[in-house]
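S.K.: Protein chains in written order, with the working numbering: chain A, 1 to 498; chain B, 1 to 498.
Wrong hints could be hidden among the right ones.
Since the list gives no way to pick out one identical chain from another, each pair is judged satisfied if it fits inside one copy or across any two copies.
In the BS3-like style, the derived pairs of lysine-lysine whose C-alpha atoms are separated by at most 25 Å in a straight line are [what the hints assert, rightly or not]:
1. 230 with 294
2. 252 with 192
3. 294 with 19
4. 192 with 250
5. 230 with 283
6. 184 with 250
7. 25 with 48
8. 346 with 388
9. 55 with 25
10. 445 with 401
11. 15 with 388
12. 346 with 445
13. 245 with 230
14. 25 with 47
15. 192 with 230
16. 19 with 388
17. 401 with 283
18. 150 with 192
Bear in mind the hints are in silico, worked out from the structure with no lab data behind them.
2 protein chains.
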Amino acid sequence: MESLYSSIKNDMSCKVSGKDLLPAKNGEEPTMQFLLEVVEILTNYVKKTFDRSTKVLDFHHPHQLLEGMEGFNLELSEQPESLEQILVDCRDTLKYGVRTGHPRFFNQLSTGLDIVGLAGEWLTSTANTNMFTYEIAPVFVLMEQLTLKKMREIVGWPDGEGDGIFSPGGAISNMYSVMIARYKFFPEVKTKGMTAAPRLILFTSEHSHYSIKKASAALGLGTENLILLKTDERGRVIPADLEAKVIEAKQKGSVPLFVNATAGTTVYGAFDPINEIADICEKYNIWLHVDVRKLSSLIKLANSVTWNPHKMMGVPLQCSAILVRERGLLQGCNSMCAGYLFQPDKQYDVTYDTGDKAIQCGRHVDIFKFWLMWKAKGTVGFEQHIDKCLDLSAYLYNKIKNREGYEMVFDGEHTNVCFWYFPPSLRSIPNGEESRERLHKVAPKIKAMMMESGTTMVGYQPQGEKVNFFRMVISNPAATMSDIDFLIEEIERLGQDL
Amino acid sequence: MESLYSSIKNDMSCKVSGKDLLPAKNGEEPTMQFLLEVVEILTNYVKKTFDRSTKVLDFHHPHQLLEGMEGFNLELSEQPESLEQILVDCRDTLKYGVRTGHPRFFNQLSTGLDIVGLAGEWLTSTANTNMFTYEIAPVFVLMEQLTLKKMREIVGWPDGEGDGIFSPGGAISNMYSVMIARYKFFPEVKTKGMTAAPRLILFTSEHSHYSIKKASAALGLGTENLILLKTDERGRVIPADLEAKVIEAKQKGSVPLFVNATAGTTVYGAFDPINEIADICEKYNIWLHVDVRKLSSLIKLANSVTWNPHKMMGVPLQCSAILVRERGLLQGCNSMCAGYLFQPDKQYDVTYDTGDKAIQCGRHVDIFKFWLMWKAKGTVGFEQHIDKCLDLSAYLYNKIKNREGYEMVFDGEHTNVCFWYFPPSLRSIPNGEESRERLHKVAPKIKAMMMESGTTMVGYQPQGEKVNFFRMVISNPAATMSDIDFLIEEIERLGQDL
Numbered sequence: 001m002e003s004l005y006s007s008i009k010n011d012m013s014c015k016v017s018g019k020d021l022l023p024a025k026n027g028e029e030p031t032m033q034f035l036l037e038v039v040e041i042l043t044n045y046v047k048k049t050f051d052r053s054t055k056v057l058d059f060h061h062p063h064q065l066l067e068g069m070e071g072f073n074l075e076l077s078e079q080p081e082s083l084e085q086i087l088v089d090c091r092d093t094l095k096y097g098v099r100t101g102h103p104r105f106f107n108q109l110s111t112g113l114d115i116v117g118l119a120g121e122w123l124t125s126t127a128n129t130n131m132f133t134y135e136i137a138p139v140f141v142l143m144e145q146l147t148l149k150k151m152r153e154i155v156g157w158p159d160g161e162g163d164g165i166f167s168p169g170g171a172i173s174n175m176y177s178v179m180i181a182r183y184k185f186f187p188e189v190k191t192k193g194m195t196a197a198p199r200l201i202l203f204t205s206e207h208s209h210y211s212i213k214k215a216s217a218a219l220g221l222g223t224e225n226l227i228l229l230k231t232d233e234r235g236r237v238i239p240a241d242l243e244a245k246v247i248e249a250k251q252k253g254s255v256p257l258f259v260n261a262t263a264g265t266t267v268y269g270a271f272d273p274i275n276e277i278a279d280i281c282e283k284y285n286i287w288l289h290v291d292v293r294k295l296s297s298l299i300k301l302a303n304s305v306t307w308n309p310h311k312m313m314g315v316p317l318q319c320s321a322i323l324v325r326e327r328g329l330l331q332g333c334n335s336m337c338a339g340y341l342f343q344p345d346k347q348y349d350v351t352y353d354t355g356d357k358a359i360q361c362g363r364h365v366d367i368f369k370f371w372l373m374w375k376a377k378g379t380v381g382f383e384q385h386i387d388k389c390l391d392l393s394a395y396l397y398n399k400i401k402n403r404e405g406y407e408m409v410f411d412g413e414h415t416n417v418c419f420w421y422f423p424p425s426l427r428s429i430p431n432g433e434e435s436r437e438r439l440h441k442v443a444p445k446i447k448a449m450m451m452e453s454g455t456t457m458v459g460y461q462p463q464g465e466k467v468n469f470f471r472m473v474i475s476n477p478a479a480t481m482s483d484i485d486f487l488i489e490e491i492e493r494l495g496q497d498l
Numbered sequence: 001m002e003s004l005y006s007s008i009k010n011d012m013s014c015k016v017s018g019k020d021l022l023p024a025k026n027g028e029e030p031t032m033q034f035l036l037e038v039v040e041i042l043t044n045y046v047k048k049t050f051d052r053s054t055k056v057l058d059f060h061h062p063h064q065l066l067e068g069m070e071g072f073n074l075e076l077s078e079q080p081e082s083l084e085q086i087l088v089d090c091r092d093t094l095k096y097g098v099r100t101g102h103p104r105f106f107n108q109l110s111t112g113l114d115i116v117g118l119a120g121e122w123l124t125s126t127a128n129t130n131m132f133t134y135e136i137a138p139v140f141v142l143m144e145q146l147t148l149k150k151m152r153e154i155v156g157w158p159d160g161e162g163d164g165i166f167s168p169g170g171a172i173s174n175m176y177s178v179m180i181a182r183y184k185f186f187p188e189v190k191t192k193g194m195t196a197a198p199r200l201i202l203f204t205s206e207h208s209h210y211s212i213k214k215a216s217a218a219l220g221l222g223t224e225n226l227i228l229l230k231t232d233e234r235g236r237v238i239p240a241d242l243e244a245k246v247i248e249a250k251q252k253g254s255v256p257l258f259v260n261a262t263a264g265t266t267v268y269g270a271f272d273p274i275n276e277i278a279d280i281c282e283k284y285n286i287w288l289h290v291d292v293r294k295l296s297s298l299i300k301l302a303n304s305v306t307w308n309p310h311k312m313m314g315v316p317l318q319c320s321a322i323l324v325r326e327r328g329l330l331q332g333c334n335s336m337c338a339g340y341l342f343q344p345d346k347q348y349d350v351t352y353d354t355g356d357k358a359i360q361c362g363r364h365v366d367i368f369k370f371w372l373m374w375k376a377k378g379t380v381g382f383e384q385h386i387d388k389c390l391d392l393s394a395y396l397y398n399k400i401k402n403r404e405g406y407e408m409v410f411d412g413e414h415t416n417v418c419f420w421y422f423p424p425s426l427r428s429i430p431n432g433e434e435s436r437e438r439l440h441k442v443a444p445k446i447k448a449m450m451m452e453s454g455t456t457m458v459g460y461q462p463q464g465e466k467v468n469f470f471r472m473v474i475s476n477p478a479a480t481m482s483d484i485d486f487l488i489e490e491i492e493r494l495g496q497d498l
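Here chain A stands alone, though its shape is the one from the complex (with noise of 0.2 Å):
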């Protein structure tokens, strides 16, 4: 079928280019059918994203794209091109890239392709605002002060007071929690630096995202000072620990600042045992941080909460927020009162204003995607769909922990499923230095091939002394349980000869 867009072209026999569209003179139409053509596109790749018979990706080595594909040219130059060109450059993006919304999309805990979700995105790229003032991003703001303030509930501070932010990605909103708290405690870091303080000591679990290392290494107190703590055979921080290690800091002189708990580790998905660790914050009075993966009603003991719903809860990236239980901090950590943005002198109530809590300037738009899925499922579907993921979890888990050829990295069930996956031929080989080393290979080989023929993505790690396992989180609404079957399958099938 030919498009709108190629026969208005062809009816105008001549080359459209970026100059014809708006704001040109007689740009509106070449640039609805521009735009049209887009969306056939985008809407074509929707389309396909759900269909299991198309593969997740196509891969292609990085050498071999920047040769350049068939018609497909990576690299920028003097003379632009035509809106014919730019089309293909479109639909070849799409075609080289990977399908994170494919129902088989398992490699990563953002994952999936929400419908409301997307045309959230779409509307706020037609904004093309920016969340500093409320002058220029009126409904956002509001939109992020009153979406803030829900989760504050249910997070379980009281009447969901407390203070909080967008922010770029759960490292951005790590490295802000580590910063109020050191705000909290040494105010004066702010203008006289860390010599202002004594040597400050953070704490995390040796399971954690290595976000608090990025944020001690940036925020000038030393990865050395970051302590990892012990965990379970879950993964979970053990707090006999986390006191024994605080004592001994104060001991060396050292003032233990921070604690960060996590709900539901990158790995192994595990709970820090957010209660005992809250004890032992409020008697060393520490600040306590929560990194949530999933909610549970001990993160209000929390001090601050960074709560990411590009995650479990399927929003389109970025999204991801830091929640603070005591206002005023995040504003007095961060304002520099920059005279030509925030005019106090404005003819509205400049308490809206949010650019002087943040660390940046210009900040995305991310709040209303966010707010337009939760206007769609209500916060029933989002627990609906969470719950499922759990479900598929459960599905998986037991599927798999008789199965022949399988064994756990820890047994129970969770929010991620760690395991090995031992081919025929080593089955039968002793537990010894050869058949660990041997199966430390298994899982990137198996990824490889995964890749290679396009079928499934999932994820792979070691994890300390234990050897590379796979690690299915599924937070993917489009997965299914024949989804699951297919990627036990499709391990064995690439593995069967390894």
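Please build the complex by placing chain B on the supplied structure of chain A, with the hints as guidance.
M.R.: Just chain B, lined up with the frame of chain A:
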């Protein structure tokens, strides 16, 4: 005209909800209908955005929007809303927002709505992936690499050598520059914290963007260790002042670490004398960062450069890059080697994984819209766009420099035109405290009336001793001379009786 979507909805004679969309069974039809209906709303908005007979904004105070406009309720609830209501919400969100692409929106440096950039954003959100690995963003990762190299070539570094990364905005790019400078001279700060370094001093113009101040607070250097440099009447750093302050810092036993020069300051649009500043930096072994708004051949003298395509180049928000002349520093400064993401045993060349260079973990795809615009415009197209904006600035400057009731904040043409408007009642009052006080209130009053009438938007602020003045920065590709004329007429119409 009845839309596709609503006609189908009527046919189905039942309430369509988010649950009926893909990945739901038989979800393809309602999904396509819903997305097309959204696109209809968005394309109508795009058309109106460029139509001068529509308002720039329909202003409401925060309390008005919070109380709820007719049919538009920002509150989130337990239960889902129908898709019909979701579409109404989309329409209302745009209705009460600000048209940043309107030809008469001059409020910020980031203005305009580039249609190809918009298409790029729509595609980016449809692809919904993350920049951290080649694995899940192969095409985007390569586009970023090629584009960064091209940018370094334009900066003027030999063969485009060096490194870089896209970040969530100019403030974060500037923060990177300070982190990298610190890592270059005091790499042990990464592990040991700021105690491993002497007192470090940063320098920037008293007219520079507040992001360097934010960075000095966040990174543990302290805002007091950021020394502000004196500027001449045009807002340019005085090199002799820099050298004197460097010497003073050294005499006090501190270490001058970093100088930020600005190529086009936020308020005046001033160019710091990069040549002389670079000489001083070389002499005293100080890192030179340049925060670039407008390119010049001198920028190659920098050790690092912040370049924000979302400003003068008109790329949709957000799009900012930090460029670094020396390879390896970005990786060295930020790498934490998370095993679950950056497995060394992948089947492809893992040097393409970018995540360990970033302070973020997840990283939004900001490259595609920029790459696509570059394809559509060519390098020449960006140059033409910037030239056109500068021509309009000159037009405005020449129009008002001798016009009754206007006074320029500084003489000479510039990218920014900063001026006072004196209402007739003020013109006869002799210079003095009273006239200053009254003049200070003029710009805010006119701005408030502008917003309430919704006809145009322009920024204002005080600077140092100077009372509130208007600041015109033209980066909007839709603006023409007639819009400049309109702005002046509007200022006079609204300011007539003040």
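S.K.: Evaluate each hint against the coordinates.
M.R.: For each hint, the structure was consulted:
no., hint, result
1, 230 with 294, "within (21 Å within a copy, 51 Å between copies)"
2, 252 with 192, "both (24 Å within a copy, 15 Å between copies)"
3, 294 with 19, "between (49 Å within a copy, 22 Å between copies)"
4, 192 with 250, "both (23 Å within a copy, 17 Å between copies)"
5, 230 with 283, "within (20 Å within a copy, 49 Å between copies)"
6, 184 with 250, "within (19 Å within a copy, 32 Å between copies)"
7, 25 with 48, "between (37 Å within a copy, 14 Å between copies)"
8, 346 with 388, "neither (48 Å within a copy, 31 Å between copies)"
9, 55 with 25, "between (43 Å within a copy, 19 Å between copies)"
10, 445 with 401, "within (22 Å within a copy, 71 Å between copies)"
11, 15 with 388, "between (51 Å within a copy, 23 Å between copies)"
12, 346 with 445, "between (61 Å within a copy, 8 Å between copies)"
13, 245 with 230, "within (10 Å within a copy, 49 Å between copies)"
14, 25 with 47, "between (35 Å within a copy, 12 Å between copies)"
15, 192 with 230, "between (34 Å within a copy, 22 Å between copies)"
16, 19 with 388, "between (48 Å within a copy, 14 Å between copies)"
17, 401 with 283, "neither (41 Å within a copy, 67 Å between copies)"
18, 150 with 192, "neither (36 Å within a copy, 39 Å between copies)"
Hint violations for this structure: numbers 8, 17 and 18, all remaining hints satisfied.
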